[in-house]
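Protein chains: 4
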Amino acid sequence: MSINSFGHLFRVTTWGESHGPALGATVDGCPPGVPVDAAMIQHWLDRRKPGQNKYTTQRREADEVRILSGVFEGQTTGTPVQLMIENTDQRSKDYGDIMDKFRPGHADITYWQKYGIRDYRGGGRSSARETASRVAAGGLAREAIRAIAPDVQITGYMTRMGAHEIDRSRFDWDQIEQNPFWSPDAQTAADWADYLDDLRKSGSSVGAIIEVVARGVPAGLGAPVYGKLDTDLAAAMMSINAVKGVEIGEGMSAAMLTGELNADEIFMGNDGKPSYSSNHAGGILGGISTGQDIVVRFAVKPTSSILKTRKTITKAGAETEIITKGRHDPCVGIRAVPVGEAMMACVLLDHMLLHRGQVGGQIGENRGRIG
Amino acid sequence: MSINSFGHLFRVTTWGESHGPALGATVDGCPPGVPVDAAMIQHWLDRRKPGQNKYTTQRREADEVRILSGVFEGQTTGTPVQLMIENTDQRSKDYGDIMDKFRPGHADITYWQKYGIRDYRGGGRSSARETASRVAAGGLAREAIRAIAPDVQITGYMTRMGAHEIDRSRFDWDQIEQNPFWSPDAQTAADWADYLDDLRKSGSSVGAIIEVVARGVPAGLGAPVYGKLDTDLAAAMMSINAVKGVEIGEGMSAAMLTGELNADEIFMGNDGKPSYSSNHAGGILGGISTGQDIVVRFAVKPTSSILKTRKTITKAGAETEIITKGRHDPCVGIRAVPVGEAMMACVLLDHMLLHRGQVGGQIGENRGRIG
Amino acid sequence: MSINSFGHLFRVTTWGESHGPALGATVDGCPPGVPVDAAMIQHWLDRRKPGQNKYTTQRREADEVRILSGVFEGQTTGTPVQLMIENTDQRSKDYGDIMDKFRPGHADITYWQKYGIRDYRGGGRSSARETASRVAAGGLAREAIRAIAPDVQITGYMTRMGAHEIDRSRFDWDQIEQNPFWSPDAQTAADWADYLDDLRKSGSSVGAIIEVVARGVPAGLGAPVYGKLDTDLAAAMMSINAVKGVEIGEGMSAAMLTGELNADEIFMGNDGKPSYSSNHAGGILGGISTGQDIVVRFAVKPTSSILKTRKTITKAGAETEIITKGRHDPCVGIRAVPVGEAMMACVLLDHMLLHRGQVGGQIGENRGRIG
Amino acid sequence: MSINSFGHLFRVTTWGESHGPALGATVDGCPPGVPVDAAMIQHWLDRRKPGQNKYTTQRREADEVRILSGVFEGQTTGTPVQLMIENTDQRSKDYGDIMDKFRPGHADITYWQKYGIRDYRGGGRSSARETASRVAAGGLAREAIRAIAPDVQITGYMTRMGAHEIDRSRFDWDQIEQNPFWSPDAQTAADWADYLDDLRKSGSSVGAIIEVVARGVPAGLGAPVYGKLDTDLAAAMMSINAVKGVEIGEGMSAAMLTGELNADEIFMGNDGKPSYSSNHAGGILGGISTGQDIVVRFAVKPTSSILKTRKTITKAGAETEIITKGRHDPCVGIRAVPVGEAMMACVLLDHMLLHRGQVGGQIGENRGRIG
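Residue numbers (the working numbering), protein chains in the order written: chain A, 1 to 371; chain B, 372 to 742; chain C, 743 to 1113; chain D, 1114 to 1484.
In isolation and in its complexed conformation, chain A is listed as follows (with noise of 0.2 Å):
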């Protein structure tokens, strides 16, 4: 048992704080023969990147990653892969006025009196910085991907930023890709930036809802009863900072439905494989894939870190005010998209793996038939 280590047989352990001199994954169970550099893990690291453009925060860091084991001749061996980002922006004196105060909404109380151990420099272990690490191994987790199962796409994007939804008429997978938000509606997108410029003026920040989609996933992945595709779809996206709920598929709404409604009639698709009148459940029944689109749904919070004045206490118990100061994100989910891909590419990746050492055979091919 690892707190800091998830997923059964691809098993990634990230390590690092944001003050310190480097952070990094651990990841143990890639299967041999995956071509693989690090320009290639680089290439989704920087999709994660700060201060890309005036929506996020203006650290910047080069994050530049390095390969230090597990990959020999430009393919992975079988052995534990070190993907390590040095930290080379640790301006902590930014942070030097919350040495004593606890920023409201923030991990440092709780840090605090868990471990006894106060790291002001902009969070340690809880900052969002961790994530870096996640997309790094994420980035590794596509290129087994591609190679075991090349139909499989994962693609992030943003649905909600505060009141602001997408119009999902609009829908476009091409626009994700073209605007700073990752959204899949171009109106919208104009409108957060729009949204965002005056939220940044006015210190505040806002929340954020970030689907990600699996196309091309084969039906049968997924360990019942505590390892179901979905169990461990949500742990990942809730360990992701600042998240706060998780939905598959209709989500919370399911509630509202009734059973005709909600469950997905099932007919032959064309290809020979059984085909849905709609999704509702996310492309997950009883915690195994259907074949259909795997639809992960989370909710991001507001950045804590604000230029607003808060109420808070010292660690001498002393009631006192706060700003936080520093270079912070407006709405730190759009930074979480990138995020959220990698979780997925973990989980799915880590469920073929376990799938072929539980049932066997190849991925995508199934032992129960239908026709």
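Do not rely on the hints blindly, as some may be mistaken.
Quick list of in silico lysine-lysine cross-link-like pairs, DSBU-like style, CA-CA up to 35 Å [stated by the list, open to error]:
(1) D:K1424 with C:K1015
(2) B:K682 with A:K273
(3) B:K686 with A:K273
(4) A:K273 with B:K679
(5) D:K1421 with C:K1015
(6) C:K943 with C:K791
(7) C:K1067 with D:K1386
(8) A:K308 with A:K49
(9) C:K1050 with D:K1386
(10) D:K1386 with C:K1057
(11) B:K682 with B:K572
(12) D:K1314 with D:K1421
(13) A:K308 with B:K644
(14) B:K420 with B:K682
(15) B:K644 with A:K315
(16) D:K1162 with D:K1438
(17) A:K311 with B:K644
(18) A:K325 with B:K644
(19) C:K1015 with D:K1438
(20) D:K1386 with C:K1053
(21) A:K273 with B:K696
(22) D:K1428 with C:K1015
(23) C:K1067 with C:K1053
Since the hints were derived computationally from the structure, they do not count as laboratory data.
Please build the complex by placing chains B, C and D on the supplied structure of chain A, with the hints as guidance.
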């Protein structure tokens, strides 16, 4: 790694099928010296038992638990506790007509695809009957919590059935045990009764939202970053049959808030401990308990087994229709209340043990002091 | 992490005390589609059963196994298999006089110190009776191995009892089942019979060495560096009651060899696979199977419950003496043979599943080809 | 499940290859508040470092450890500690001639068969260089033990090199650090020096036996039945490169004893704690520490890389011969002493944490009292 186990130190493995000879929970890691007997576990199972009123399935199970190991002379010994429930009502003939057809919204099809096995006797392992094992394990967890942290109180209730939500202004803890729906709002309970009568007569079903609150939980529980308290709660709840979404505190709505609204301000309470202006965080910051109420919410989809004709396919791949006869719940969410409580109990006890293992000291005693 | 579980993907949790209502094994991760019924498991339990001849304890247990879950219509379903054995002979009155005294060489004193519980009914969880659960799980593992890798043969035998060792020049596989000691050497078996008769009459006991060999195991099994095949075998054997040493191949004697004597030279066999001049390695190099016989050996200490007066103390801390009456084995090593075989079966199956999960392909098919 | 991790709560994952850029240990679960810096870890690494005298390989590695995370202002924070050692001496050209040939007694052939990867640069992950990571982790474990249970002392030494064993009548704890072989017997150390000189000149190698003793360990550590203290020690030692056998206390010789000789009699010591007439048990009964010295012994096979011609095959399946040039150890067992100590430290700390998690209380405080 066991796919039918959950928990780090308090580790529960459930086993058994809906229509096999028995089912149960193998509980490893219960601390020694906890006073417990079968009647104490039975108390919690009786709360979940079906057939108690007209709103739940008329399947009648005695659900009588036997303790086969790990308890000697009225207290736990520190060795594995085996909790077994024999299946007395195995009327599998009701299910004969679904031997070849897959029920829409059910795990029939994915279990078949994955394992190549069709347990047509009511769902086998994928049946909600598995949750009886959870309730038994949760009963044991409650007794251990009572011994270690007697101030902790765990209470579940229903907040929504279909379109009908409780009115929080009428919230009354004492109401919860007074109606068959675990509603904290008596008036809504009456509305639900009428609504469910109609649903049952029409052969339909509906979803629900369950909230589970733990009061009196000390600050400091939770193991970042992949054993966070909210991560483990999300996994625990999502692993329950038919659950499609999980929220902590503000949940999905956190996406709609600004930073200043969301971040709970901190004060000093009269008891010399930190006190908060609000609880958007649901009692968890950075994956660690704050000492506020732990608030988890989950959505249960409507029962898929309904008396409505639905389109589906057979194992042979032929398109057909199905009506699921038999004894089913119009709102399976009702019976999910004790299950959610049980999962909360297991997760909390587990984190109490993990905390004292990793950090040391008694439960409720923290390394970092305030004031 | 479960302290009463072992295995990575084929994961066995044993439960139960020597004088409780029942004991058993909860087996998670058995592949689906393995033909199995209770009689197949019973076959292996009967080999371990006490009271079969005058050389083992006269405690008579029916040791009848029931399969409570995970098997449907004669084959495994992929869900947990619960194997339960009820305790029918619970004559705990024999043990009444040791309620307060600790038996030297027994776990009585350490269980008391650790857990604060004294299960005076014959050792409770620390009794060798726990190994019945292992044999049941091993029986299931053997059936799964038969389905996945039918060439594998697992055989245990005794090589030493006290000062009396077998003569390897008389080694005969067929002899093993022909004598009550699982001796591959008929003449030594006859000597042991006389020796043990004397021991039994004198109320003493003696230790033994057991060797377990797996033939037909394909190259490539084992997961370096902490899931090495030899690492897992060492843990598996050392976890058996009364075991004090474990050796692989040459074992402790490897310390006496020079490099040129120890390193098995490699040739090409007639079957187109690598062939070795000798097997000092015990079939394992770098923690991975070579395709040679896997050879494990372990030492079982003499039974501590003897009819000789020994000095000890009471719970109250008073010095006293003890004679352990009751029904005991003069050479408990005899009954350890089927237990060692069972552990070998569990470890091998586990590594077959792990291998196909992590590396892919069928068992016996390797990624790296020679020739 | 991670195959490159060990430990329950103090969980160490090692990573890195002999000739890659770096190697190290990701240590999760170290308690917070342990005073530690790089120099403290370096101290233990320096003991293992090769090239210190003519008896070990002349490969020169600075083996300088860096702490990349988990330590802040001189103490552990409770978050993962990353211990990295860069490889400065990567002279892989020495190994060029073994690109296609498999070295007898090495993991070359099994890694190739399993993973389909040949890391010809000195063994890659299977190299004994991996043990540097263990020693680093063990150094951290020692500091944590010092904080939690300051009376514990862990000492390793060599008891046998080939045919030459120490004379226990000359055993002297103070001698161990006085000779290059960690021998507790000065006279045998002198004999070994001559013997090893001859071996080195002849290009041969020899095996060894190492004993590791932990003094001052409180009674009560160990988690039956699959997390027994001896089980975990057996796995820990057997996972070290080249180890072929592990013994606890009397070890394999227990097979030769009678019950009355083997079972250590119990008295009351002057300190009010149980005291034993002897220590055949090696300080462990039923998998739980007794308070006596914990005694573990393991055999290290002779180095397989020797300057003697040996028969082998190529990847293409051709029979050939090989001489392994390069810088190697005539008795690799010497360097295994600090590794054995490190594993003992990790296992003991892990069980201290596990014990306080599962049973509660301070280390050394027991639930069951005697007297």
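Against the structure, the hints come out as follows:
A C-alpha spacing of about 15 Å is found between K1424 (chain D) and K1015 (chain C), which places the hinted pair at or below 35 Å, so the restraint holds. Proximity of K682 (chain B) to K273 (chain A) is assessed by CA-CA distance (about 15 Å); at most 35 Å being required, the pair is judged to hold. Restraint check: the Cα-Cα separation between K686 (chain B) and K273 (chain A) comes to about 11 Å, which is no more than 35 Å; the hinted pair holds. For the given pair, K273 (chain A) sits about 25 Å from K679 (chain B) by alpha-carbon distance, which is consistent with the 35 Å threshold.
For the given pair, K1421 (chain D) sits about 25 Å from K1015 (chain C) by alpha-carbon distance, which is consistent with the 35 Å threshold. Annotation: proposed proximity of K943 (chain C) to K791 (chain C) holds, straight-line Cα distance about 22 Å (limit 35 Å). Restraint check for K1067 (chain C) and K1386 (chain D): the C-alpha separation of about 27 Å stays at or below 35 Å, so the hint holds. Note on K308 (chain A) and K49 (chain A): the hinted pairing holds, with a Cα-Cα distance of about 26 Å set against a maximum of 35 Å.
Pair hint K1050 (chain C) plus K1386 (chain D) holds up; C-alpha atoms about 25 Å apart against a cutoff of 35 Å. Restraint check for K1386 (chain D) and K1057 (chain C): the C-alpha separation of about 11 Å stays at or below 35 Å, so the hint holds. Annotation: proposed proximity of K682 (chain B) to K572 (chain B) holds, straight-line Cα distance about 21 Å (limit 35 Å). A hinted pair counts as satisfied when its Cα atoms are at most 35 Å apart, and K1314 (chain D) with K1421 (chain D) qualifies at roughly 11 Å.
Between K308 (chain A) and K644 (chain B) the CA atoms are separated by roughly 25 Å; this keeps the pair inside 35 Å, and the hint holds. Of the pairs offered as hints, the one joining K420 (chain B) and K682 (chain B) holds, with about 32 Å between alpha carbons and a cut-off of 35 Å not exceeded. Note on K644 (chain B) and K315 (chain A): the hinted pairing holds, with a Cα-Cα distance of about 11 Å set against a maximum of 35 Å. A hinted pair counts as satisfied when its Cα atoms are at most 35 Å apart, and K1162 (chain D) with K1438 (chain D) qualifies at roughly 21 Å.
Of the supplied pair hints, the one linking K311 (chain A) and K644 (chain B) holds, its CA atoms being roughly 15 Å apart against a limit of 35 Å. Distance restraint check for K325 (chain A) and K644 (chain B): the Cα-Cα separation of roughly 27 Å lies within the 35 Å cut-off, and the hinted pair is therefore satisfied. Between K1015 (chain C) and K1438 (chain D) the alpha-carbon distance is near 27 Å, which keeps this suggested pair within the 35 Å criterion. For the suggested pair K1386 (chain D) and K1053 (chain C), the alpha carbons sit about 15 Å apart, so the restraint of at most 35 Å is met.
Distance hint between K273 (chain A) and K696 (chain B) is fulfilled; the C-alpha atoms sit about 27 Å from each other, no more than 35 Å. For the given pair, K1428 (chain D) sits about 11 Å from K1015 (chain C) by alpha-carbon distance, which is consistent with the 35 Å threshold. About 15 Å separates the Cα atoms of K1067 (chain C) and K1053 (chain C), which keeps this hinted pair within 35 Å; it holds.
Consistency note: the structure conflicts with none of the earlier hints.
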